[in-house]
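One letter stands for each residue in the lines below.
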Amino acid sequence: MELDFLAVLAVFVAGFLFVFLTLTVGKLLRPHNPYPDKNATYECGERPIGEAWIQFNPRFYLIALIFLIFDVEIAFVFPIATVFKRFIAEGNGVLAFVELFIFMAVLLLGLVYVWVKGDLMWVKQITRPAPVKAEPGNPT
Amino acid sequence: MRALVDLLNRSFAVPAVYQPYLAAGVIFVLAFVIVVFAAVYSGVLIFAERRVAGRIMSRIGPNRVGPHGLLQFVADAVKLIVKEDIIPDASDRPLYRFAPYLMTMGVFAGFVVLPLSPHVIGADLNIGLLYVLAITAIAVVGVLMSGWASNSKWSLFGGMRSAAQIVSYEIPNALALLPGVLLAGTLSTQAIIRAQGGWPWEWYVFHSPMMLALFVIYFIAALAEGARIPFDLPEGESELVAGYFTEYTGFRFAAYFVGELAHTWIAGSLAVIVFLGGWQIPGVSVAEIDAAQGGMLWLYEALALAIFVLKMIFVVFLMIQLRWTLPRVRVDQMMVICWKYLLPITFVALFLILGFMLVWPWESVGGLLWRVAMTAVGLGVVVVYFWRVRYNIVAARDRLYLKFWI
Numbered sequence: 281m282e283l284d285f286l287a288v289l290a291v292f293v294a295g296f297l298f299v300f301l302t303l304t305v306g307k308l309l310r311p312h313n314p315y316p317d318k319n320a321t322y323e324c325g326e327r328p329i330g331e332a333w334i335q336f337n338p339r340f341y342l343i344a345l346i347f348l349i350f351d352v353e354i355a356f357v358f359p360i361a362t363v364f365k366r367f368i369a370e371g372n373g374v375l376a377f378v379e380l381f382i383f384m385a386v387l388l389l390g391l392v393y394v395w396v397k398g399d400l401m402w403v404k405q406i407t408r409p410a411p412v413k414a415e416p417g418n419p420t
Numbered sequence: 005m006r007a008l009v010d011l012l013n014r015s016f017a018v019p020a021v022y023q024p025y026l027a028a029g030v031i032f033v034l035a036f037v038i039v040v041f042a043a044v045y046s047g048v049l050i051f052a053e054r055r056v057a058g059r060i061m062s063r064i065g066p067n068r069v070g071p072h073g074l075l076q077f078v079a080d081a082v083k084l085i086v087k088e089d090i091i092p093d094a095s096d097r098p099l100y101r102f103a104p105y106l107m108t109m110g111v112f113a114g115f116v117v118l119p120l121s122p123h124v125i126g127a128d129l130n131i132g133l134l135y136v137l138a139i140t141a142i143a144v145v146g147v148l149m150s151g152w153a154s155n156s157k158w159s160l161f162g163g164m165r166s167a168a169q170i171v172s173y174e175i176p177n178a179l180a181l182l183p184g185v186l187l188a189g190t191l192s193t194q195a196i197i198r199a200q201g202g203w204p205w206e207w208y209v210f211h212s213p214m215m216l217a218l219f220v221i222y223f224i225a226a227l228a229e230g231a232r233i234p235f236d237l238p239e240g241e242s243e244l245v246a247g248y249f250t251e252y253t254g255f256r257f258a259a260y261f262v263g264e265l266a267h268t269w270i271a272g273s274l275a276v277i278v279f280l281g282g283w284q285i286p287g288v289s290v291a292e293i294d295a296a297q298g299g300m301l302w303l304y305e306a307l308a309l310a311i312f313v314l315k316m317i318f319v320v321f322l323m324i325q326l327r328w329t330l331p332r333v334r335v336d337q338m339m340v341i342c343w344k345y346l347l348p349i350t351f352v353a354l355f356l357i358l359g360f361m362l363v364w365p366w367e368s369v370g371g372l373l374w375r376v377a378m379t380a381v382g383l384g385v386v387v388v389y390f391w392r393v394r395y396n397i398v399a400a401r402d403r404l405y406l407k408f409w410i
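First to last, the protein sequences are chains A and B. The numbering used here puts the first residue of the first sequence at 281, with every later residue one more than the last. The numbering used here puts the first residue of the second sequence at 5, with every later residue one more than the last.
Just so you know, these hints were derived from the structure itself, not from any lab. Source: prediction; values computed, not measured. Heads up, a few of these hints could be off.
Derived lysine-lysine pairs resembling DSBU-like cross-links, with alpha carbons at most 35 Å apart [claimed, not checked]:
no., chain 1, residue 1, chain 2, residue 2
1, A, Lys307, B, Lys83
2, B, Lys83, A, Lys397
3, B, Lys87, A, Lys307
4, A, Lys318, B, Lys87
5, A, Lys318, B, Lys83
6, A, Lys307, A, Lys318
Take the sequences, apply the hints, and build the full model.
Okay, structure coming up:
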């Protein structure tokens, strides 16, 4: 088993070396002639205005939170999935099914909550109170 | 890998003291082989993709470098190696230079547990499936890192979109693979294949109607995971220039492409392993393969390899064909498809499969009848597919260029 995980490490090292060696060989062959205009950030041929290191839309933060919950759920469900067949063989299939159902249903409730709140929309509709209408014949 | 180490130990009568060193040496050599395989595969894929694109658009495609243009990718690689490596002044240099490594390392590491035949596999980890899902997520870090480190607005948008997309689609992707684990009772890729059979009605994809639906869902999610059209929002050329690698040039740019193309192998072979019966040979049971010796073993290995590669070609061709058929989805549509359609359907299908397993176990007569019926449905889908292709070809025959070897 240790041998198997050594293979994972070895592929990581080989993957690193693949890029590193090619870039090193390339360094001997490729030209190197930087100047300010060439090294400018690409912005459709214009001089870039301001930096890109800005505070970005927090919408991604919500999606990441939902993702985290579901990913942890998957991590928990995989072990149950591996023994589900054994549960059926021992005659406890219904028990395992009900337990899995309750576990997933609780998480699905979370999804329903987020859905109803509208956080799954890329462009979130913010509901505002309807604007006060000017009454006819009574200019304000 | 294990098989090769054992073979070397036996045939050269290696003393027990040296065996660990030999094993470590073999592993590192094989790791290099895996990386070269992944790189060459992505090169061949880009060639195939351009040729198929040419045919779909009724033109020829690359055919100048080497026989039928087969060496085009070598020429491209050489060109990219000798291109100047531009690092923008405004960027975060260390992060900018390191990001491509993460992309390639994450994707290549996924290849370790993907088998080609009963004995050709990097390492048969007992957590194989979970491992692939986890390790390929490292590539996302590379994508986000490049998006942020470039300090370019295009890169930032591309990186953020990519993170949102890959992170979202990871859930239907993983959950659609879950029934394979349920049915096989293991996470090891080889054991999941062994639990299936050679004939189509012994594949997991035809286990039940829900399984067929989950196969489609897995396929969609895998397309999104690999940022393939119609889900290539992170790099949508017409809107984001090149997305997260806008600022990259030369081989660093190529590293992203290698990672992305190599990912199609991971996505495709996961589909083949979990749904399409992997390397199982029709009519030959696993026990017979295990018991085979000498020449028969080599024959079985070669057959299994050919079957696996054939299935892979089918799945990857489907990906390429979709790429040149469908338009790109919008970013809000991308989120809606995942969270409001794929995810609820996946959960419902999962519950139904759990119930299905209770009512009709795999070995029962009812289960077999369901599988045969679903195989007929699957066959029908394939027949309709070819019938439509033929219909379209006949309709446009005079405007098509169908000669193969040009």
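Now for the hints, and whether the structure bears them out:
no.	hint	in the structure
1	Lys307(A) x Lys83(B)	holds, 13 Å
2	Lys83(B) x Lys397(A)	violated, 51 Å
3	Lys87(B) x Lys307(A)	holds, 9 Å
4	Lys318(A) x Lys87(B)	holds, 14 Å
5	Lys318(A) x Lys83(B)	holds, 19 Å
6	Lys307(A) x Lys318(A)	holds, 18 Å
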